[in-house]
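Could you put the whole structure together from the sequences, leaning on the hints where they help?
Number of protein chains: 2
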Amino acid sequence: MKRIQYPDAIRGLIAQLRQMPGVGPRSAERIALWFVQARGPQPEAIAQAITEARSAIHACRLCGFFATEELCEICADPSRTEGLLCVVEQPTDILPLEKTSAFRGKYHSLGGRISPLDRVAPEDLRIAELIERVESENPKEIIFALAADVEGEATTHYLVDLLQKYQVQLTRLAHGLPAGGGLESADELTLSRALSGRTRL
Amino acid sequence: MKRIQYPDAIRGLIAQLRQMPGVGPRSAERIALWFVQARGPQPEAIAQAITEARSAIHACRLCGFFATEELCEICADPSRTEGLLCVVEQPTDILPLEKTSAFRGKYHSLGGRISPLDRVAPEDLRIAELIERVESENPKEIIFALAADVEGEATTHYLVDLLQKYQVQLTRLAHGLPAGGGLESADELTLSRALSGRTRL
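Chains A and B, in that order, are what the protein sequence lines are. Residue 1 is where the first sequence starts when you use this note's numbering, and the numbers rise one by one after that. Residue 1 is where the second sequence starts when you use this note's numbering, and the numbers rise one by one after that.
No lab work stands behind these hints, which were simulated from the structure alone. Here the structure is a predicted model, which is why all the values come from computation and not from measurement. There may be inaccurate statements among the hints.
[Stated by the list, open to error] Simulated pairs of lysine-lysine, BS3-like, Cα-Cα distance not exceeding 27 angstroms: (1) Lys99/A <-> Lys2/B; (2) Lys99/A <-> Lys140/A; (3) Lys140/A <-> Lys2/B; (4) Lys99/B <-> Lys140/B; (5) Lys165/B <-> Lys140/B; (6) Lys140/A <-> Lys165/A; (7) Lys99/B <-> Lys2/A; (8) Lys140/B <-> Lys2/A.
[Stated by the list, open to error] Across the chosen pairs, the derived CB separations fall in these ranges: (9) Ala45/B <-> Asp124/A: 22 to 30 angstroms; (10) Gln5/A <-> Pro21/B: 18 to 26 angstroms; (11) His58/B <-> Leu173/A: 50 to 58 angstroms; (12) Gly181/A <-> Pro178/B: 45 to 53 angstroms; (13) Phe103/A <-> Pro178/B: 54 to 62 angstroms.
We put the beta carbon where it would ideally sit given N, CA and C, even for glycine.
The following block contains the structure:
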């Protein structure tokens with residue numbers, strides 16, 4: 001007896017949708033059936049928005065943030081402080097920093113961090129571009145804003161070694177107690193970093 | 001000070017993706033960023049699969065199941081038992097029934113159930129098509145396989161009233177204890193239905 005299944009076009013769509021992050025087999029099936037059953041033009045609009053975003057968006061030539069022109073909105077802004085560079089892992093790390101309104105310089109996204117386990121070597125990152133910017137823009141300070149974990153720290157140290165020879169102040173984000181966090185909820189490493197990084201009152 | 005955001009193409013894509021079922025603001029953002037950052041051709045393949053499925057798939061003229069031809073695979077199959085019709089709410093209810101291998105007749109999907117709260121009236125469902133099939137196919141039995149809840153029951157009763165005048169046996173799925181379910185986990189309504197529907201040993 002022949003087993004009835006969804007037609008190929010639906011099963012193919014389910015397989016494609018499963019590649020999206022955070023979408024498992026059941027969500028993929030649910031979304032695919034919504035696509036084929038929707039009475040409005042939303043599915044076509046979504047397909048078009050994907051294609052449009054893919055062709056409109058690329059990485060800013062300088063910093064790697066999302067851009068529609070050669071330079072992103074930040075790099076093209078003449079009012080940003082010159083000589084102050086903040087190095088982040090991903091372009092998506094830039095918006096949270098912008099929301100603080102505490103930084104008015106420019107950014108440099110590496111596109112990841114050195115991770116032998118994930119086979120990410122220094123040459124896979126935008127490190128040559130960073131060196132080039134240091135040489136051409138001659139910044140006064142570079143703030144490293146990588147993750148406070150083993151790979152983030154290792155990448156920071158690697159870059160600090162590389163940039164040692166330039167006349168630029170190298171700093172990194174403070175490590176310590178998160179806002180609203182009591183001592184009882186802080187882990188040992190956070191507490192020991194908060195202790196060693198204590199500031200004068 | 002101007003607030004930096006994602007470029008319009010990304011924000012538009014996030015808004016579009018939020019329309020998909022089960023996708024909230026954070027998943028939509030995560031998927032959109034994956035779309036614009038993916039190095040492979042998956043995003044284009046997904047957009048194409050959506051468009052292709054939309055144009056390839058339509059409702060079977062007879063039963064309403066997903067079809068690529070005028071008739072779906074089930075309605076076009078000459079080996080299915082003639083004269084036995086199973087009425088379901090949604091085309092997606094057909095696959096679970098097929099998986100049981102316990103039914104070899106044909107189906108009729110209503111495309112929903114009568115629901116005044118959701119503004120679904122009888123004329124919004126494929127009821128005229130059902131009557132037409134009863135008149136032309138002259139089935140011996142119609143099995144109602146709608147949900148065992150208030151609206152499913154109401155829709156079943158509405159259809160039973162309509163079909164009373166035809167020479168056809170009207171039945172519905174048994175209500176009772178689910179397989180593997182003990183008495184302690186059954187709710188009152190399930191138990192009282194299991195009692196009143198008890199079968200002779």
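**Prompt:** Is it true that the CA of Lys99/A sits at most 27 angstroms from the CA of Lys140/A?
**Reply:** holds, 23 angstroms
**Asked** Range hint 22 to 30 angstroms: satisfied by the CB atoms of Ala45/B and Asp124/A?
**Response** Roughly 24 angstroms apart at Cβ, these two residues keep to the hinted range, so it holds.
**Asked** Within 27 angstroms, alpha carbon to alpha carbon, are Lys140/B and Lys2/A?
**Response** It holds: about 24 angstroms lies between the C-alpha atoms, which stays within 27 angstroms.
**Request:** Could you check the hint for me, namely that Gln5/A and Pro21/B are 18 to 26 angstroms apart, CB to CB?
**Result:** For Pro21/B against Gln5/A, whose Cβ atoms are near 21 angstroms apart, the range 18 to 26 angstroms holds.
**Message:** Lys140/A and Lys2/B were given as a pair; does the straight-line alpha-carbon distance stay at or below 27 angstroms?
**Reply:** It holds: about 24 angstroms lies between the C-alpha atoms, which stays within 27 angstroms.
**Pair hint Lys99/A and Lys2/B, alpha-carbon separation not exceeding 27 angstroms** = Holds, at roughly 11 angstroms.
**Request:** Below or equal to 27 angstroms on CA atoms is what counts here, so check Lys99/B against Lys140/B.
**Result:** It holds: about 23 angstroms lies between the C-alpha atoms, which stays within 27 angstroms.
**Message:** Check whether the Cα positions of Lys99/B and Lys2/A lie no farther apart than 27 angstroms.
**Reply:** Roughly 11 angstroms between the alpha carbons, so the hint for Lys99/B and Lys2/A holds.
**Asked** Is 50 to 58 angstroms right for how far apart the beta carbons of His58/B and Leu173/A are?
**Response** Cβ of His58/B to Cβ of Leu173/A: about 56 angstroms, so the range 50 to 58 angstroms holds.
**Asked** Regarding Gly181/A and Pro178/B, is the given constraint of 45 to 53 angstroms on their beta-carbon distance met?
**Response** Since Gly181/A and Pro178/B have Cβ atoms about 47 angstroms apart, the given range 45 to 53 angstroms holds.
**Message:** Given the hinted pair Lys165/B and Lys140/B, is their Cα-Cα distance within 27 angstroms?
**Reply:** Satisfied, since the Cα-Cα distance of roughly 13 angstroms is no more than 27 angstroms.
**Prompt:** Does the structure keep Lys140/A and Lys165/A at a Cα separation of 27 angstroms or less?
**Reply:** holds, 13 angstroms
When each numbered hint is compared with the structure, no violation occurs for any of them.
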